[in-house]
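Using the sequences and the accompanying hints, generate a full structural model.
The listed protein sequences correspond, in order, to chains A and B. First residue of the first sequence: 1, per the working numbering; consecutive thereafter. First residue of the second sequence: 1, per the working numbering; consecutive thereafter.
FYI, nobody ran anything at the bench for these hints, they're computed from the structure. Each hint should be verified, as a subset may be incorrect.
Taking lysine to aspartate or glutamate pairs in the EDC-like style, the calculated list, with each CA pair at most 16 Å apart, reads [claimed, not checked]:
1) K273/A with E310/A
2) K48/B with D134/A
3) K119/B with E310/A
4) K259/A with D156/B
5) K259/B with E310/A
6) K88/B with E105/B
7) K330/B with E311/B
8) K292/B with D120/B
9) K53/B with D516/A
10) K242/B with D258/B
11) K323/B with D537/A
12) K323/B with E348/A
13) K152/B with E167/B
14) K48/B with D312/A
15) K281/B with D258/B
16) K281/B with E191/B
17) K67/B with E93/B
18) K237/B with D537/A
19) K292/B with D302/B
20) K121/A with E322/B
21) K119/B with D516/A
Some chain A residues close to chain B (C-beta under 10 Å, calculated; not the full set) [to be verified]:
22) E75
23) G130
24) N421
25) G424
26) G500
27) A503
28) L506
29) S536
30) E540
31) K544
32) L558
Partial list, computed: chain B residues near chain A (C-beta under 8 Å) [unchecked claim]:
33) P37
34) S49
35) G63
36) S118
37) K119
38) G228
39) N230
Ideal Cβ placement from N, Cα and C applies to all residues, glycine included.
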Amino acid sequence: MTDITSGEFPSSIRRVEFDSAESKARLRGRYKSEARFKAYGIVALVITTSFLLALLTSIVSRGVPGFFQNYLVTEVLVDAAKIDPQGKGTPEALRAGDYSAVARAALADAIPGINERQLKKELNGLLSSGAGDDLREMVLANPSLLGQRIRTPLLLADQADIFLKETESAVRVFADTRGSATPSATTGDITILVSGNDFADDVALIKAELVNSAVALEKNIALRAGRGASAESLADLKAQAAELRQRAAGTASETLDSKTASRLVAINGGVVKVKEMTPTSVRGDVIVPLTTTAEAAPGTWQIRVYDRPEADRNMNDRAATFLEQLKSKGLIESKFNWAFFTRGDSREAELAGIQGALVGSILTLLVTIGLCLPIGVLAAIYLEEFAPKNRFTELIEININNLAAVPSIVFGLLGLAVFLNFFGLPRSAPLVGGLVLALLVLPTIIIASRAALKSVPPSIREAALGVGASHQQAVFHHVLPLAMPGIMTGTIIGMAHALGETAPLLMIGMIAFIVDVPTSLTQAATVLPVQIFLWSDLPEPAFKMKTAAAILVLLAVLFLMNGISIWLRKKFERRW
Amino acid sequence: MNKAPILALAVVSACAFATAAEARDQIRVVGSSTVYPFTTAVAEQFGKSSGGKTPVVESTGTGGGFKIFCEGVGVDKADASNASRRIKKSEFELCDKNGVKDIIELTVGFDGLTIAQSKDGPALNLTRKQVFQALAEKVPNDKGELVDNPYKNWSDIDPSLPATKIEVLGPPPTSGTRDSFHELFLEKGAEAFDSLKAMKKKDEEAKTKDFEKVWKSIRKDGAYVEAGENDNVIVQKLEGNKNAFGIFGYSFLEENADKLRGVSIEGAEPTFENISGGKYKGARPLFVYFKKAHIGVIPGLDKFIAEYTSEKALGEEGYLTEKGLVALPKEAFAKSAKAANEGVTLKADELK
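Structure follows, in structure tokens:
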């Protein structure tokens with residue numbers, strides 16, 4: 001204090017020299033610090049972007065195959081004897097027809113000569129259990145198809161579809177065979193004699209595999225013995241290793257089992273699965289019957305190898321062979337899976353679609369927006385423009401802000417207690433889902449609407465009041481229209497939030513398997529995120545693809561909604 | 001401007017209240033997420049063959065399912081409940097109190113609880129005692145005293161096992177699968193120790209729960225990893241880590257047979273034959289419960305039961321076995337199906 005009165009600089013204020021080396025160092029330090037901060041920001045941005053990209057590419061790469069489906073496109077005889085044996089011709093009779101049998105007959109025509117029961121079952125397993133459904137619709141729409149031959153796509157089963165989409169179980173084909181081959185028969189258990197030693201490499205390969213596994217086993221035994229395992233517990237393993245060694249050294253024919261790579265011989269129009277082989281002959285079971293037992297010249301027959309052992313695949317050699325056969329005939333076509341958007345849920349992955357969930361989501365959101373928008377906006381207008389500022393309205397305001405942070409599952413419990421148990425509304429209904437979600441997003445909409453109303457400059461309000469408008473007129477004619485873009489943005493973001501919710505719907509029974517597409521607000525329905533959740537939990541690998549595809553649809557809808565909100569804001573926004 | 005939506009909503013809700021009490025033409029099933037994949041398959045088949053509406057199957061968990069199931073009898077109440085364990089006496093009494101007197105029990109089949117690993121890992125043969133030693137929080141030492149689980153590697157438990165870290169991924173405590181794991185593996189494993197067997201005896205006499213505490217606690221030092229309710233997550237993690245093991249239902253093992261291998265328990269591999277024949281010890285029965293009072297009231301419920309118990313669904317070659325269900329042995333299936341179709345109801349003294 002006394003310093004000021006003395007007329008000099010107070011000692012607490014230093015004179016700063018800007019030219020001194022010290023000052024320059026300080027300045028450099030500040031610039032450096034700023035550069036560092038910028039670098040942190042960029043690093044953070046790069047990390048988040050790469051995470052996001054990794055996530056998106058993973059989802060897209062998994063999901064896109066889900067939008068496509070493989071079909072068997074072939075000549076189908078719409079057999080009246082199978083569809084309408086009594087020849088009634090009524091829609092009911094046509095509906096009740098056995099269309100799967102028609103589809104199976106078309107498949108049997110595509111690969112003729114399969115008579116053995118097990119093989120036939122394997123072949124029919126390639127077709128989806130819903131392969132006849134499209135045929136049924138076609139015949140119902142046009143009964144004159146009965147008795148005709150038409151070329152139409154038949155749905156393949158999920159496992160066949162996945163097998164065709166995945167490349168890891170691809171087949172290696174050796175077409176440059178050296179010797180001529182003579183099969184002993186056309187069906188059943190046959191032997192093929194080869195004049196060259198075409199199988200010598202294969203046999204050597206198998207023997208090498210045997211030696212490898214023997215070595216691995218012996219290592220394991222030594223390791224366990226070193227750790228003090230008893231001799232008895234190792235006896236089994238030792239015997240195994242000895243057997244492997246013996247087989248590797250011997251010259252007897254080698255047997256192939258489901259744990260070694262599969263080898264097939266394509267000869268004379270048929271396919272044989274190899275069971276035993278020596279360098280110059282193979283024995284095996286015929287999968288696709290041969291046309292003749294004639295000698296096949298070198299180069300006209302092939303050896304096909306599946307490197308993944310049969311035990312490590314979901315599709316066995318027989319089914320895979322049938323598929324390859326169909327594919328080589330050009331009967332397999334991959335098409336965009338429109339049915340994914342026009343079917344309800346199903347337990348067969350190839351039949352499952354998201355229309356039910358999509359419609360359920362739309363119905364639910366209709367209820368939500370129908371409730372939220374009027375109530376939310378009116379509440380915001382009252383609180384912002386009309387309500388007296390006192391303790392009570394303050395309390396309400398605080399509570400609205402708190403409600404926005406309440407975990408969503410709580411709203412589900414509330415919905416269960418109030419709407420289901422007290423009012424007795426039906427379970428799993430979009431109406432109840434919409435009511436619950438409305439409660440969930442109401443605080444968000446009120447807060448967003450109030451912010452939008454607040455951002456309208458007071459001058460507008462005052463000008464309206466100045467020319468004699470009532471308070472209500474000022475709000476509804478002048479303030480509200482100007483706040484509308486902000487309110488719309490808030491509402492759409494709130495709706496997007498509601499669209500992605502699953503937790504509150506758990507309590508009111510919307511986590512359910514629903515096949516029929518809902519048509520009213522009180523019918524059982526499910527919503528998109530719930531459908532994704534349910535599919536992700538099913539064991540069939542094909543549902544993983546469907547899950548990713550459904551996620552893509554949900555993301556697309558969310559992007560669309562956010563896009564609309566941005567567009568609305570850009571189009572109607574006013575700046576002051 | 002805001003009147004129209006309000007009016008519309010008022011009309012809609014009025015309609016809703018009016019229709020809620022009316023008759024229902026759709027069967028409603030609630031309950032276990034383990035039985036869900038099977039009941040949904042039956043529901044879809046039923047919907048296709050009957051031409052009517054496909055039943056709605058909710059996935060609420062076994063306990064949650066019984067809560068809804070036992071709310072009472074009436075068109076606005078569920079018709080059936082899936083369960084991955086038998087109904088408890090307390091639940092039966094709750095049902096009884098709320099007027100659900102006649103309950104039909106259908107044993108659907110078995111679910112094998114499997115411990116699985118990547119095919120690239122070393123094949124393993126475990127006993128339930130070893131599983132208990134690997135995963136329980138407290139295990140008996142040489143003197144029979146309970147100590148904190150000291151085992152780090154499998155080879156610490158038994159020298160013939162591989163010298164890899166014990167790492168098991170499994171369901172969280174909220175899951176029905178976890179309950180079954182405790183009962184089928186850890187309880188039985190604990191009983192293999194003399195000291196713990198003595199403890200169980202003492203418990204029964206003194207009405208204490210020391211033994212239960214031992215097999216109901218799982219170690220928390222990182223050897224057991226809770227991997228969430230979604231079994232597919234565990235499958236994915238096993239693919240990446242060949243030394244880890246995962247606990248889940250048999251159907252997941254079957255569908256992922258190209259990547260995973262089941263661990264043999266007491267010499268029995270988890271295969272369809274071993275589970276169905278009772279050789280594999282880690283299997284549990286699955287149930288569906290129906291309300292007898294709803295048969296004839298809810299259209300198609302009797303036909304739904306018939307579809308569920310038909311040979312083409314539940315038989316050894318049925319479509320449910322394709323979905324990973326382990327069918328009952330022939331005689332047991334015939335008995336169970338007959339009882340369900342005739343409407344034989346459950347008695348309180350059959351339960352515990």
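Please verify whether K242/B and D258/B have alpha carbons no more than 16 Å apart. holds, 14 Å
Interface hint check: G424/A, Cβ to nearest Cβ on chain B, cutoff 10 Å. Holds or violated? holds, 5 Å
Given the hint that K67/B pairs with E93/B, test it: the Cα-Cα distance must not exceed 16 Å. holds, 12 Å
Assess, step by step, whether the Cα of K48/B is no farther than 16 Å from the Cα of D312/A, and give holds or violated. violated, 34 Å
Once the shortest beta carbon distance from N230/B to chain A is found, is it less than 8 Å? The hint holds - N230/B has a Cβ within 8 Å of chain A, the shortest such distance being about 5 Å.
Hint validation: G130/A versus chain B, beta carbon distance must be below 10 Å. Holds or violated? holds, 9 Å
May I ask you to test the interface hint for L558/A with respect to chain B, counting a Cβ-Cβ separation under 10 Å as satisfied? violated, 22 Å
Holds or violated: K88/B with E105/B, Cα cutoff 16 Å? Roughly 12 Å between the alpha carbons, so the hint for K88/B and E105/B holds.
Given K119/B as an interface hint, is the shortest Cβ-Cβ distance to chain A below 8 Å? holds, 7 Å
Mind checking the alpha carbons of K273/A and E310/A for me, to see if they're no more than 16 Å apart? Given that 16 Å is the threshold and the Cα spacing comes to 12 Å, the pair holds.
Proposed proximity, E310/A with K259/B (alpha carbon, max 16 Å): holds, 12 Å
Is the interface hint satisfied for K544/A? The criterion is a beta-carbon contact with chain B at less than 10 Å. holds, 7 Å
Of the numbered hints stated above, those contradicted by the structure are hints 4, 8, 14, 15, 21, 22, 26, 27, 32, 34, 35, 36, 38, listed in ascending order.
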